[in-house]
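J.: One-letter residues, chain by chain:
There are 2 protein chains.
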Amino acid sequence: MSRTVIVGGVAGGMSCATRLRRLDETREIIIIEKGPDVSFANCGLPYYVSGEIKERSSLLVQTPQSLKARFNLDVRVSSEVISVDSDQKTIEVKTDEDIYTLSYDQLVLSPGAKPFIPPLEGIETADNLFTLRNVPDVDKIVTAIEETKPKKAAVIGAGFIGLEMAESLANRGVEVTIIEMAPHVLPTVDYEMAAFAHNELVANGLTVLTETSVVAIEDEGKSLVLATGEKIATDLIILSVGVRPENGLAEFAGIELGMRGGILVDEDYQTSVKDIYAVGDAIIVKHQITKEDTMIALASPANRQGRQVADILGGMKRKNKGSIGTAIVRVFNQAVASTGLTERQLQALNYEFKVVHIDGKNHAGYYPNASMVFLKLLFNPTTGEIYGAQAVGQDGADKRIDIIATAIKAGMTVDELPELELTYAPPFGSAKDVVNMAGYAALNIMEGVTDNIQLSELSEKRDSGAYLLDVRTPTEFEKGNIPGFVNLPLNELRERMTELPKDKEIIVSCHSGQRSYIASRMLVQNGYQVKNLDGSHLLYSTVNG
Amino acid sequence: MSRTVIVGGVAGGMSCATRLRRLDETREIIIIEKGPDVSFANCGLPYYVSGEIKERSSLLVQTPQSLKARFNLDVRVSSEVISVDSDQKTIEVKTDEDIYTLSYDQLVLSPGAKPFIPPLEGIETADNLFTLRNVPDVDKIVTAIEETKPKKAAVIGAGFIGLEMAESLANRGVEVTIIEMAPHVLPTVDYEMAAFAHNELVANGLTVLTETSVVAIEDEGKSLVLATGEKIATDLIILSVGVRPENGLAEFAGIELGMRGGILVDEDYQTSVKDIYAVGDAIIVKHQITKEDTMIALASPANRQGRQVADILGGMKRKNKGSIGTAIVRVFNQAVASTGLTERQLQALNYEFKVVHIDGKNHAGYYPNASMVFLKLLFNPTTGEIYGAQAVGQDGADKRIDIIATAIKAGMTVDELPELELTYAPPFGSAKDVVNMAGYAALNIMEGVTDNIQLSELSEKRDSGAYLLDVRTPTEFEKGNIPGFVNLPLNELRERMTELPKDKEIIVSCHSGQRSYIASRMLVQNGYQVKNLDGSHLLYSTVNG
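Sequence lines, in order, name chains A and B. Take the first sequence: its position 17, counting from 1, is numbered 17 in my numbering, and each next residue is one higher. Take the second sequence: its position 69, counting from 1, is numbered 69 in my numbering, and each next residue is one higher.
Among the hints, erroneous ones may be present.
Which copy? The list can't say, so a pair holds if one copy fits it or any two copies do.
Here are the simulated DSSO-like cross-link-like pairs (lysine-lysine), alpha carbons at most 27 Å apart as the crow flies [stated by the list, open to error]: (1) Lys68 <-> Lys502; (2) Lys531 <-> Lys317; (3) Lys461 <-> Lys317; (4) Lys89 <-> Lys291; (5) Lys114 <-> Lys461.
These are calculated hints, taken from the structure and not from any lab test.
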């Protein structure tokens, strides 16, 4: 009888174990989990802090007992693998009571990623500082909230977990300050899309400090010292500045590691050491767009990888095709979703790319309670390859990013997005969905029907003497406009076109880019040099708070 | 100066006109619309009846004036084209005042589809009978409701418009009876998926009669005579038994027509008559999966076609690639969505196919207010080609069908569905989305890991002496079970397996198919002959009301 030992009993590990059992009734399957729980709802932890998830038991999706009964799995919690002998094919397991040796035929590592703890001066004295990875962590945070009744909290790091924890604490009545070293919150999306989340946080009463570093912790965690010298008083600190692969055991086993300490595996999830496999947040995968090594700490790829390695152990052919990294976070009433590469990543890779921003609706505008879905699409203007997309909105941002993530996985090009036939009835969508519209807009750029500039390029255009034209109505213009822009409403443009200079480049703006595009078409056909300000005043006013 | 005349000013026609203007400032563009409105919200009409859309003006998305101001379009409403001379390239236009002749360089027909009126005895005497196509129709219905205050209404035909109107009337307090000739409501989806809608209608107090024909109308519309001889009293009748292409003008022009009178066009939307193009509900398109001729009366393809023909007139290369027919309808708190081919269509085509039904959630089950998304996937078990999908649910059915519609358009196979990386955070999705799970289930069938039967095959299996096994808990089993099934809970199956016969085929059922699949894997590995009852008790109890 073959014995498979799986280290780590959450997403990847448990998907591997249950699939392996379904494929093989006779194999011995042992899961060793360091923590007290397996298969817990790790992505749900912040919502237990907020109180949205009321019962702690809801977090425990499976137990060792339920897994024994249904899948005949030998689940050993509160058990840590402290050594591996890959020649003898044994591991040493440490429990509260003892240390014992266990042999394996195959070892599957699914250790996950651990919160990064920066070497902040005074951090060891702060017993009000918490990170969030598992149920014991969330228990500590909830206990601290209940016992110390914090008035103020500081969240260091504005990634997904940071923002979810910030919202959860705010929902419990705590005054929250978010401190992020990067120029904007949500470093995994671009600055102008992150601005929607930033504004939503501020609108909900949170303080958001970007480009701000904490350099020390003083007063047993009651004071954070910033790089500026300024001090911030706090009763509770959440540290969420990213994760690192839990690679200690792999390193001990002599397994080859790669970038940022990630575990190197081949397409069959085999590490450099025979009969040891690895899956989940700790491994290095190929990015499906760049084909370069990357690490993607997300539940969906981890689950897929766990199942695939079970299939491979069960004798089936599977290959890890890599990941594109699709993610979403809720920030109060806004969702921010993304897939593929960001503009910043594309710039760093020196790819040729263009961007379109499209302002659409979650469903037909004439049906009640329509809300905005604002979509950013990044693509290659020569080949039409879709590089990535980001969306924000109260409702439906998830759907649009899921559609585009599917299109990217399928290798679709932007000219195929208008062809998509999506569900449409007034409560659910639009006859031309924002995804279709983004495809049209991208195709217009590829085919030279129109061209645009991004908001980040505006000051350069202004400096070079471009004529700045705003084609909204005077009423809209007076309510707020971008410095330097001259108002000439679209519906008067045909008659008053001669007021515009033919010897200057004209940058056209409107509310969100639709009318400026129409204007640009009129002007181009009349011999003007025109570029559309992508995202127009909507993006400008969002970025400028 | 070239003159393009567009006949029909709604989806396809108006998309053509506005795109053409953006491409060509100098061309003369005239739109001739028979009705009093252009660009109205045709899909929103039922929601104006219900009162959800409160303002009539919301239905009028554009007006001739707004289209003149922005796009320099010459929009002529209440104008009917009564003849075409394709040699002289002229048309005759009839208005309330006169008839005039207009020349064209290109003529684009976007006439749409009209409600089918069956030759029911007495129909001409029923002034309380209405069809629904445009704003004047909805005005008449709303006026009739307000003036005659109907207590009872009959909706003949249970397609999209029929069900939307039935719900809208019920929401206004009218007692509604739906009468459908086919064996189930929503003939565009399969019977077991339609059952969810049927039950929702009944739960909301409506009477639903299927396999029921109206043969005559008596008493000036106050009584409907059924084929059984039974009579149904009613104050108001909505007739919604499908649409027919509005092909009169095309026929007059000598344009070749095809199946069911649809207008034949080539990939460039050219009809058989030179310089006459056609788009929208009235044209015949290629079904992208079957490659056969079909007609698809939906807003999304019509809009795309209108834009594409404008591109072609503007000198760009476009091809009509065909359609797959993605649709959705809301039935009170349930949505029913579909894309591609149904099981019934696949049977008629004699395709090799398999089906899986997956019971999932709109978002993480441990996050509050999760609701069911029930997904049906149809595929080729040899090639993995995705033929179609249907989904029902309170929330998120649209998203799953959009994802699969995208996968179909991209030519993805079922083994690629588990690879999809979809947005996941507890309020938005699951780490393994129901779409991923459907892919896994289909792949299991393709690879022989498991096999299933459909509910429709159960009685045949019962008759042939199969052993029927229900692996739910005794508590679940006692609450309701399928006749002939024996209960043996999954968690006891390993110990009690010898109770089961090895010489009979075993059909395994549970709540929705997940536990029965796990059971089938245990049994198959122990030498039993097993098939999973797809959809299990959930589907059985839904179909059996």
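J.: Each hint needs a verdict: does it hold in this structure or not?
T.: Hints versus structure:
no., hint, result
1, Lys68 <-> Lys502, "between (77 Å within a copy, 26 Å between copies)"
2, Lys531 <-> Lys317, "between (51 Å within a copy, 24 Å between copies)"
3, Lys461 <-> Lys317, "neither (55 Å within a copy, 33 Å between copies)"
4, Lys89 <-> Lys291, "neither (33 Å within a copy, 57 Å between copies)"
5, Lys114 <-> Lys461, "neither (45 Å within a copy, 52 Å between copies)"
Checked against the numbered hints listed earlier, the structure breaks hints 3, 4 and 5; every other hint is satisfied.
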